[in-house]
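Trainee: Taken in sequence, the protein lines are chains W and R.
Using our numbering, the letters of the first sequence correspond one by one to residues 1 to 115.
Using our numbering, the letters of the second sequence correspond one by one to residues 116 to 225.
With a straight-line Cα cutoff of 25 Å, these simulated DSS-like cross-link-like pairs (lysine-lysine) come out: (1) Lys212/R with Lys7/W; (2) Lys116/R with Lys183/R; (3) Lys212/R with Lys65/W; (4) Lys7/W with Lys157/R; (5) Lys65/W with Lys157/R.
Bear in mind the hints are in silico, worked out from the structure with no lab data behind them.
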Amino acid sequence: SAVISQKPSRDICQRGTSLTIQCQVDSQVTMMFWYRQQPGQSLTLIATANQGSEATYESGFVIDKFPISRPNLTFSTLTVSNMSPEDSSIYLCSVESPRDREGYTFGSGTRLTVV
Amino acid sequence: KQEVTQIPAALSVPEGENLVLNCSFTDSAIYNLQWFRQDPGKGLTSLLLIQSSQREQTSGRLNASLDKSSGRSTLYIAASQPGDSATYLCAVLGTYKYIFGTGTRLKVLA
Numbered sequence: 001s002a003v004i005s006q007k008p009s010r011d012i013c014q015r016g017t018s019l020t021i022q023c024q025v026d027s028q029v030t031m032m033f034w035y036r037q038q039p040g041q042s043l044t045l046i047a048t049a050n051q052g053s054e055a056t057y058e059s060g061f062v063i064d065k066f067p068i069s070r071p072n073l074t075f076s077t078l079t080v081s082n083m084s085p086e087d088s089s090i091y092l093c094s095v096e097s098p099r100d101r102e103g104y105t106f107g108s109g110t111r112l113t114v115v
Numbered sequence: 116k117q118e119v120t121q122i123p124a125a126l127s128v129p130e131g132e133n134l135v136l137n138c139s140f141t142d143s144a145i146y147n148l149q150w151f152r153q154d155p156g157k158g159l160t161s162l163l164l165i166q167s168s169q170r171e172q173t174s175g176r177l178n179a180s181l182d183k184s185s186g187r188s189t190l191y192i193a194a195s196q197p198g199d200s201a202t203y204l205c206a207v208l209g210t211y212k213y214i215f216g217t218g219t220r221l222k223v224l225a
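Work out the full structure, taking the sequences as your base and the hints as a guide.
Mentor: Here is the structure:
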């Protein structure tokens with residue numbers, strides 16, 4: 001299955017600032033997915049990032065708050081902008097395995113705390 | 116709208132017990148179902164993937180079953196160990212995205 005390197009693993013940020021999270025995949029993938037996991041909650045899909053086009057955002061998430069870049073088939077970034085304490089969550093990227101029937105692989109997550 | 120529910124929400128068992136985690140989903144039109152493990156504050160590790168045409172998958176002490184018609188999946192863990200302590204998540208893949216369950220927090224006592 002694909003191997004994803006996600007950075008940073010954790011960060012503590014001041015409210016009003018922005019944080020960019022990076023995901024690097026060891027193989028070319030068509031779609032990359034960004035999820036948020038709020039404390040004590042399950043995962044919620046933020047957006048789907050395709051190379052060469054704008055990301056597709058799920059209901060409740062907007063590009064101004066969570067801009068995404070996808071410059072090539074192995075890399076993507078998610079920025080959490082103008083942060084507030086409510087943005088404190090674990091953020092995860094995910095890809096579908098390049099080989100069929102292996103399901104989805106997740107990065108190790110970024111644990112964000114906004115103070 | 117697909118909804119995924121996991122029961123129980125939390126479970127504490129002594130080491131060595133066999134246990135069953137349950138996952139139910141409301142829309143049977145799924146592509147596959149995947150079970151994940153999540154350690155506190157960490158990402159997800161894939162445990163088992165069941166395609167919609169399959170009924171079960173096994174890996175070591177883990178066995179997952181899928182009954183699409185009833186909208187249910189179970190994860191069976193044999194001879195549980197303290198290292199199995201984690202949150203277990205099931206996720207169903209519909210048209211293009213995964214919908215995650217609420218998770219079962221498992222604690223195996225030594």
